[in-house]
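J.: The primary structure of each chain is shown beneath.
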Amino acid sequence: MTRSPDRDDIPPGTLEVLILKTLTRHDRLHGFEIAESIQARSDDVLTVEEGSLYPALQRLLGKGWISDTWGRTPENRRARYYRVTAAGRRQLDRELERYHRVARAIARVLLPA
Amino acid sequence: MTLRGLWHRLRSTIRLGRFDDDLADEMQLHVELRAEKLRREGLSPDEAARVAQRQFGRRLAVREHSRDAGTFVWLDALRQDIRYALRTLRRSPGFTAAAVVTLALGIGANTTMFSVMNATVLQRPPYPDPERLATLWRIQTKDPENINIVSWPNFHDWRERSRTFASLAILDSAGRGYNLTGASEPEQVPGVRVTASFFTVLGVAPMLGRTFTVDEEQPGADRVVVLSYGLWKRRYGADPTIVGRTIPIDSRPHVVVGVMPESFRFRLGSERELWVPAGWTKGDQDRTANSFVAIGRLRSDAALAQAQSELDTIGRALADEYPVENGGTSVRVVPLVDVGTARLRSTLLLMLGIVGFVLLIACANVANLLLARAASRARELGIRSALGAGRGRIVRQLLTESVVLACAGGATGLLLAYSGTRALLPLLPANLRNVPFRTVDRIPIDGGVLAFTSAVALGCGLLFGLAPALASFRSSAPRLQEGGRGFTGDSKGRLRYTLVASEIALTLVVLAGAAVMVVSVARLLRVDPGLDPHNVLVLEMSAPQEDLYNGPPGNPRLCQGLREQVGSVPGVVAVSAIAHLPLSGAGAGRGVTIENQPDPGPRNQPGAGYTVACPDLLKTLGITLAAGREFTVRDTVDAPGVVLVNETFARRHWPTQEAVGKRFKIGRYDRDAPWLTIVGVFKDIRHNGLDTAPVPSFIRPYPQAGWPFISIVVKTSSAPETFIAPVKRALTVIESERPVSAVRTMEDVVGRSVSSRRFPMLLLSGFAVLALVLAAVGIAGVVGYSVVQRTPEIGVRIALGAQRRDVLRLILGHSLAWTLGGIAVGVGGAIGLLRLLGSLLYDVKAGDPFVLGAVSAILVGVALAASYVPARRAMRVDAVTALRQS
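Chains as they are written, first to last, in the numbering used here: chain A, 32 to 144; chain B, 9 to 894.
So that you can see chain A by itself, here it is in the shape it has in the complex:
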């Protein structure tokens, strides 16, 4: 693996939220763009394992939180594009709220007073 020591795996369960958030920033993205976007946004701290990305996308499709269409990349290659659905946006809001609540609580415990 070409993993540098300063890169981290994504904690389990978080990947779906990251995908949803990433998709809200764009009209539509294909799998590689999603992985690149997460990695870039996290300043290369988070790497998206392709082995987890595609099952995660299927999970989101199966929940109805994202939709897929086949299209062409600017280089005219066939690609499956993903979009976030209204149900997906609602789910993201719920997840973010939960995340902030938990993060604040953890911070209160860990950080020196």
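There could be a bad hint or two in this list.
To be verified - Residues on chain B that point at chain A, a partial pick, calculated with CB under 8 Å:
no.: 1; residue: L11
no.: 2; residue: G13
no.: 3; residue: H16
no.: 4; residue: R17
no.: 5; residue: T21
no.: 6; residue: G25
no.: 7; residue: D30
no.: 8; residue: D33
no.: 9; residue: E34
no.: 10; residue: M35
no.: 11; residue: L37
no.: 12; residue: H38
no.: 13; residue: R42
no.: 14; residue: V70
no.: 15; residue: V527
no.: 16; residue: H661
Unchecked claim - Label-pair distances were calculated between CB atoms; the ranges are:
no.: 17; chain 1: A; residue 1: R109; chain 2: B; residue 2: I90; range: 32 to 40 Å
no.: 18; chain 1: B; residue 1: D54; chain 2: A; residue 2: A117; range: 15 to 23 Å
no.: 19; chain 1: A; residue 1: R72; chain 2: B; residue 2: I90; range: 46 to 54 Å
no.: 20; chain 1: A; residue 1: R114; chain 2: B; residue 2: G211; range: 47 to 55 Å
no.: 21; chain 1: B; residue 1: L360; chain 2: A; residue 2: T55; range: 52 to 60 Å
no.: 22; chain 1: B; residue 1: R87; chain 2: A; residue 2: H131; range: 38 to 46 Å
no.: 23; chain 1: A; residue 1: P42; chain 2: B; residue 2: L360; range: 55 to 63 Å
FYI, nobody ran anything at the bench for these hints, they're computed from the structure. Each residue gets a CB set at the ideal place from its N, CA and C atoms; glycine is no exception.
Using the hints provided, position chain B relative to the given structure of chain A.
T.: Leaving out everything else, chain B in the frame of chain A:
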């Protein structure tokens, strides 16, 4: 999961190949794009491709995980199982056909039975919110189960005082035929008089025009009519301008004010085709003139229990206010959907239970087939198990096979039920055709039936599949090691013979059920009805009169006309007419007061069956005159009031004296009614049914009393059917505007009076034949299989000197032992279960020893015959071949 997600997973599962291809495509794109990126970062093309590829990890694992997330894996597995099951079943067509046919017979019989139930007692009445509809009845507080029709004054008070009903209505309980004349052929059409609120209660608006107003309930204003869709279409050619037109009904002009929609059917006694306003008569004002059915629609915020408690209060108040008329009575509220269905429902449920036994027999047969097959498939299953198929996987595969079989059986059974229901429809007895408020003119295979059949098929598949599936799993591993077959283990087929014994037990119950019904009907038909139905023609006529149920008749010369016109038809021996034909289900009653006896008080008022008839009734119907004379033409409206009474009536009131010459009057002690003189006593007839003991009853002469409908009876010298045309011609001379309807023979009437028993008898007999055939096939199959299994053992026995006779005895003895075991259990079950036939039985007990003995003997005979065929094969076993085979 959202609908979109569900759809994604379903679509992906169904097109799994496409799903995999798409996934592979996008992973390929990913690898290529990553390789390009790595090249841009300075790696050599080869190196970049290698790294990009490696980074993707195991593609197979990605595919599996994606499938888990994006498809229904279980659904795909199920599809594979089904495909595998179909392939396996196709490989053994003989087995598959036998199993499917067996199941189809069982499921078909059950579906047919359920369809009958679904079309009759389970049918929803065709009105909006039928659950909110209720009927109201008068009851004696000491006998609340016995519900009675009501009088208009009492109903009027209920309606005034009740708050739980949004609307209440009454309709004439009898209804009658209305004679339509005019342009086309005169026709008698069943109709009924109703209050204006009748249509409001049922919640159906007319398709054309309007329904009645309250003003039209008054006599004089009541010459209006609402037609049913069917009548409007049939008789008036669906004329859209019919509203406002005047049509003659019973020779009086009536204005058509409305036509009901096609969906509106109203059946109580018979299907009503027209409605007229109540048109209150003088007789209706009498608080004791109970001749109406009350219906009501509950307020949306009122429960049935509330309505009942409210009417309890009202009923008590009315009993206090009118002690003479209402003493000891109260009101009972019954949901409309439950009226007249309770007993039918329990009878049909019992039939459904018994036909369920037939299905269990079919399942036992299929289970036996599967067991035999599982033994021969032990190697295959052993191999699959050794190759790593889990226990659950194999059981699931075997269960899938059973369910697939059951579904095929269910589908075929549905076809059988389709023809079965069509065959049964004309056989439906009157009590099933006349379920109140429902129209049973077909037995549909609808959603409810499909759901029932699916559930039954699925249940069967699991039932007969589970035992063999588990049994074969248990035995699969050792079988593989063993390789050959010895005669250890279950070689005597304990499980299989247990199934056979169960089949015998179940068959015995079905057979005994059919037998007691056959005995009941046979004994019932041997009951002397007290009349001679041979060569008697019956024709119904509607003869309305001013005061509906209390004479004088509309045509005082009817009886005389019958004698002159019909009596002169060559071959006619005698002619008469009677308002309530014996054994037809028709009946009326009156309270009576005997002359020279103290006032018994309102609660002990003696009552009696009541009807009116023309002269020569006894002669025409072959009823024996015990004393006195029949009515004659001299018993006219101006002559002194006379009556005929039956022997029970005479014995009840004059146990030691001659009844002829005694007098009584209709109604209470203080009622001012004319005294009626008994002129004759006739021997009891079974008026209310062959199974019903005679009650006191009396007959008044039609010219003195009248009745709005009457059955004309004609005794003929030869086959009565040949007299229909001449008798009808003769009748048009007397009553040109009153056509006759429902022409029958008296023998039909007697036969139909037992139809409520004959139908279950026919069904049970059919089930019994089916059960017997299935059981015989099952026994033959199991004995045959065990002969094959025991061939080596038999070979040894023969080698050791056993005679063929001994072999035969061995095989038959074994099968007989199990048969007797099954019979013992079955007899117990029959005694216990058939008691539920209850009132369907006549003069025979569920545990009748003669019946049980006979059916046991039949079963032993069938079991021995079924075992004999394979046993003969065992006799021919050649010792050398048999021993070599093992």
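J.: Can H38/B be said to touch chain A, with a Cβ gap under 8 Å?
T.: holds, 5 Å
J.: Any CB of chain A closer than 8 Å to the CB of G25/B?
T.: At 16 Å from the nearest chain A Cβ, G25/B fails the 8 Å test, so the hint is violated.
J.: Verify the CB-CB distance for P42/A and L360/B against the hinted window 55 to 63 Å.
T.: Since the Cβ atoms of P42/A and L360/B sit about 59 Å apart, the hinted range of 55 to 63 Å holds.
J.: If you check the beta carbons of R72/A and I90/B, does the distance land in 46 to 54 Å?
T.: Because 47 Å falls inside the window, the suggested range holds.
J.: How about R17/B: closest beta carbon in chain A under 8 Å, or not?
T.: holds, 5 Å
J.: For the hint on D30/B, just tell me whether its beta-carbon gets within less than 8 Å of chain A.
T.: holds, 7 Å
J.: Given the hint of 47 to 55 Å, check if R114/A and G211/B actually sit that far apart at their C-beta atoms.
T.: holds, 50 Å
J.: Double-check V527/B for me: the hint is only fine if its C-beta lies closer than 8 Å to a C-beta in chain A.
T.: Violated, because the Cβ-Cβ distance from V527/B to chain A comes to roughly 64 Å (cut-off 8 Å).
J.: Does R42/B meet its interface restraint, that is, does its C-beta lie within less than 8 Å of any C-beta in chain A?
T.: holds, 7 Å
J.: Report holds or violated for the interface hint on H661/B, using the least CB-CB distance to chain A and a cut-off of 8 Å.
T.: Result: violated, 84 Å to nearest chain A Cβ.
J.: Under the criterion of a CB-CB separation shorter than 8 Å, is G13/B in contact with chain A as hinted?
T.: Nearest chain A Cβ about 3 Å off; hint holds.
J.: Tell me if V70/B is really an interface residue toward chain A, meaning its C-beta lies closer than 8 Å to one of theirs.
T.: holds, 5 Å
When held up to the earlier numbered hints, the structure conflicts with 5, 6, 15, 16, 18 and fits the remainder.
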